[in-house]
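Student: Chain residues, written in single-letter form:
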Amino acid sequence: MTSKVFKDAESALFDMKDGVSVMSGGFGLCGIPENSILEIRRRQLKNLHAISNNIGNSGRGLAWLLKEKQISRATCSYVGGNPDLEQQMLSHEVDVTLVPQGTFSERIRAAGMGVRGFYTPAGYGTEIAEGKESREFDLPCLLELPLAADFAIIKAQKGDPYGNLWFQETARNFSPLMAMAAKVTIVEVEQLVELGEILPEDVHLPGVFVQRIYQGSEYENTIEIPIFEDEN
Amino acid sequence: MTSKVFKDAESALFDMKDGVSVMSGGFGLCGIPENSILEIRRRQLKNLHAISNNIGNSGRGLAWLLKEKQISRATCSYVGGNPDLEQQMLSHEVDVTLVPQGTFSERIRAAGMGVRGFYTPAGYGTEIAEGKESREFDLPCLLELPLAADFAIIKAQKGDPYGNLWFQETARNFSPLMAMAAKVTIVEVEQLVELGEILPEDVHLPGVFVQRIYQGSEYENTIEIPIFEDEN
Amino acid sequence: MTGPQNHWSKNEMVDQVIEMLEDGSSLNLGIGIPTLVAQRIPPEKGIWIHSENGVLGVAGRPTRQSVSPTLINAGKETISVKKGASFFDSAMSFGMIRGGHIDVCVLGGMQVDAEGSLANWMIPGKKVTGMGGAMDLVHGAKLVIVMLTHFSKRGDVKLLHRCKLPLTGKGVVHKIITDLGVFTPMGESFQIDQLAPGVTKEQLGMTDALISSVN
Amino acid sequence: MTGPQNHWSKNEMVDQVIEMLEDGSSLNLGIGIPTLVAQRIPPEKGIWIHSENGVLGVAGRPTRQSVSPTLINAGKETISVKKGASFFDSAMSFGMIRGGHIDVCVLGGMQVDAEGSLANWMIPGKKVTGMGGAMDLVHGAKLVIVMLTHFSKRGDVKLLHRCKLPLTGKGVVHKIITDLGVFTPMGESFQIDQLAPGVTKEQLGMTDALISSVN
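Residue numbers (our numbering), protein chains in the order written: chain A, 1 to 232; chain B, 1 to 232; chain C, 1 to 215; chain D, 1 to 215.
No lab work stands behind these hints, which were simulated from the structure alone. Treat the hints loosely; a few may be bogus.
Result set (BS3-like, lysine-lysine): computed pairs, CA atoms no more than 30 Å apart in a straight line [as the list claims (entries may be wrong)]:
#1 K83/C to K67/B
#2 K127/D to K83/D
#3 K69/B to K82/C
#4 K67/B to K45/C
#5 K132/B to K45/C
#6 K175/C to K126/C
#7 K45/C to K183/A
#8 K126/D to K67/A
#9 K17/A to K142/C
#10 K132/A to K45/D
#11 K46/B to K10/C
#12 K45/C to K82/C
#13 K10/D to K132/A
#14 K82/C to K158/A
#15 K183/A to K142/C
#16 K7/B to K46/B
#17 K10/C to K83/C
Derived, one-sided and incomplete: chain B residues facing chain D with beta-carbon distance under 7 Å [stated by the list, open to error]:
#18 N47
#19 G114
#20 Y162
#21 G196
#22 P200
#23 E201
The calculated label-pair distances, taken between Cβ atoms and stated as ranges, are [unchecked claim]:
#24 S9/D to L145/A: 43 to 53 Å
#25 L38/A to M20/C: 23 to 33 Å
#26 E10/A to F228/B: 23 to 33 Å
#27 I225/A to G131/B: 24 to 34 Å
#28 D23/C to D230/B: 19 to 29 Å
#29 R43/B to R64/D: 51 to 61 Å
#30 E218/B to E127/A: 52 to 62 Å
C-beta: ideal position from N, C-alpha, C; glycine also.
Kindly produce the complete structure, drawing on both the sequences and the hints.
Tutor: This is how it looks when you write it as structure tokens:
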């Protein structure tokens, strides 16, 4: 039986190619898959379609790839806080599609859960509605379609060899949803634990959604806006 | 501030009336809200619309209410194993709507999560599709609408005073979804624990979905089909 | 009319399913004969068994000491789980199926037809069990297998050109395993993939037109 | 043109929000001025603060000892949580909002209009921040409050008959709190619920037609 456990980012990302779509977990820099992103930079993959809430932030995360002009298309909800993306969006180097964050999450979940489309009020009556089907329920709603990807790169605090995952605090965000929505999901973990070490009730993402897992290293875990009690 | 914690089933169900719709958690008899169901029997509420995967089983659970002719309408996915329901369905005492189980779960989730409708392939080309809108995606799909209720009665292994819940093993099933989809969600727990005792990462259902909670008692926790190793 | 003597036992039917499973794959087992599959899979195949009531990693039966009322399969039977199992709610459970994450799905059936349609949830005027999860389970898995006895108690063959009973799913079945053989629905007829030892084509109770080829 | 001298401070604006909150209610706070609300809510009100990146039960700032890189709010600022907090994924987080389980939502804005429409995500040709969660947050909460300064830096009033900037949501805002007062959009005009002490109607920079009544 083939193991899902890989040695490192280099071995786990072996078949990633130019032009693929890649979902990347994390909110701002919280919970981002640092090792996998750095491996994509090392390999200088080009023409990527990045699907991520922020496409990096503060010059880090996926912004490492923006700086190297590796991303040609981006699907995200927020550009603020990411000067690299703002600049390449304005210069048309990156084709940016903005999606309301709740619709973004639900579209990714829909792809993972086999839901072929759904109706949401978000964005009705705005520019986002252009070209979309609308329909009246208790509120007027837009039809939104699943958002899938070739690869998902995500990070979890703990994971076991089957790929069962446990996320810490607010680092969960989009990661379990993306794991469901990609053809190949590659997980890096702070701690690779034994099978059975995560209580079956407390598994945040069942391993069936994970294709590859490896123990990450040298995490920066950057805090973007540190504010402390009694210091502001 | 009004507390969500009630003394018992009698006080927690104080405003439940004849004719309301009630979602009840549980798969067969696994994870059913025994105390709340028995309280509905004690009060002899009539003309109820029960929404539950099995509407009781083996003469227990919601079948306690069927025996007393308290249920006039049922929405469920499976009748097998529930002779009380089968008989009252054939005699037209209970108006039964059968919903495919995955559609049932997703419709309840949709009601809870504010999704106004979704497309699923389940049931396409079958009797279930009659009168429903269909639409071609990669597969032909049916449009399904949210399923909500006036009340949800559910059971959890552990709960805290805000209503954060933790479920044991396969007793989770429909319960967290129903808690999201009802106007008033009433939870009974085996253990009422202190605020903070359930690790924030391991909360299965955040308390914001719960209106009332009480410590249950005298659980039967009936096993429907006990089969043991080396004994069959 | 009764079936031929040389048919497969239930366990031999189950072994046909097990042969189709790739190591490490995920598998949903329907109520009835399919649950037997769980008991016979060699642990070294590393199969992950899903039950739609919210568990992945079903193992064998519990002991009288380890049994838990909150640990059951979709047939409401007591089970145990293996290391690495997980529990989840029903929306997630059916999302795994609908989203194509469960490789193989094995269901029981009343009738199955050459178009790959399945009927297994009601007999009009006689019996309604409800579809349970079956209408969802037939969409999504890469391999949908139906296990059923070749003939009904009345002696009617269950493999038809078109199902007469209300459908569970239309054009969804990939493989059929009966006590007489393994079949593939081809649209207007069935391909015979394999016959149980000693069983002949004539014993299948199917017209020549309904059998497209013997593999 | 600059605003009047007697306007509310940011903290006084925040206190207007806090007065509108029922004890024990749930509250989502947008990026910008609204995040200040978290710092000033009296703990005895028992408010549950939701941040759409996946947390319910946001409390004050962490200390240098307790700070965690994985514990932030939607503004990417470090936070702490109170007892009874929970973490969840983004689909659940926005489901809480969309499903109407969060009682109150407070957002910042660039423009807001008499129809209750809000613009806060882009200035064509100048600045695009993206809508983030704002387009979802304006649907679902029982009370949607927009907090913004009454005048832009250029001196333009931000309360308009109809927004000129691209909308975040159409007809979604229930209350508006500026540094000069509290307003309710009525369709064609705004109702003045309250003015900051010493502020007069004339100082609002709005035509008579745009003000329907003084409460």
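Student: If you check the beta carbons of E10/A and F228/B, does the distance land in 23 to 33 Å?
Tutor: 49 Å, violated
Student: Keeping to a limit of 30 Å between CA atoms, is the pair of K45/C and K183/A held or broken?
Tutor: The given pair, whose Cα atoms are some 23 Å apart, holds under the 30 Å limit.
Student: Going by Cβ atoms only, is P200/B closer than 7 Å to chain D?
Tutor: 5 Å, holds
Student: Take a quick look at whether K127/D and K83/D sit within 30 Å of each other, Cα to Cα.
Tutor: 40 Å, violated
Student: Assess, step by step, whether the Cα of K46/B is no farther than 30 Å from the Cα of K10/C, and give holds or violated.
Tutor: 46 Å, violated
Student: For the pair supplied as a hint, K69/B and K82/C, confirm whether the alpha-carbon distance does not exceed 30 Å.
Tutor: 42 Å, violated
Student: Would the pair K82/C and K158/A pass a check requiring their Cα atoms to be no farther apart than 30 Å?
Tutor: Holds, at roughly 19 Å.
Student: Holds or violated: K17/A with K142/C, Cα cutoff 30 Å?
Tutor: 26 Å, holds
Student: Any CB of chain D closer than 7 Å to the CB of E201/B?
Tutor: This interface hint holds because 5 Å falls under the 7 Å limit.
Student: Do the alpha carbons of K126/D and K67/A lie within 30 Å of each other, as the hint requires?
Tutor: 22 Å, holds
Student: Kindly confirm whether 51 to 61 Å is satisfied by the beta carbon distance between R43/B and R64/D.
Tutor: Holds, at about 56 Å.
Student: Verify the proposed pairing of K10/C with K83/C, using a straight-line Cα cut of 30 Å.
Tutor: Holds - the C-alpha atoms of K83/C and K10/C are around 28 Å apart, at most 30 Å.
Hint violations for this structure: numbers 1, 2, 3, 4, 5, 10, 11, 13, 18, 25, 26 and 27, all remaining hints satisfied.
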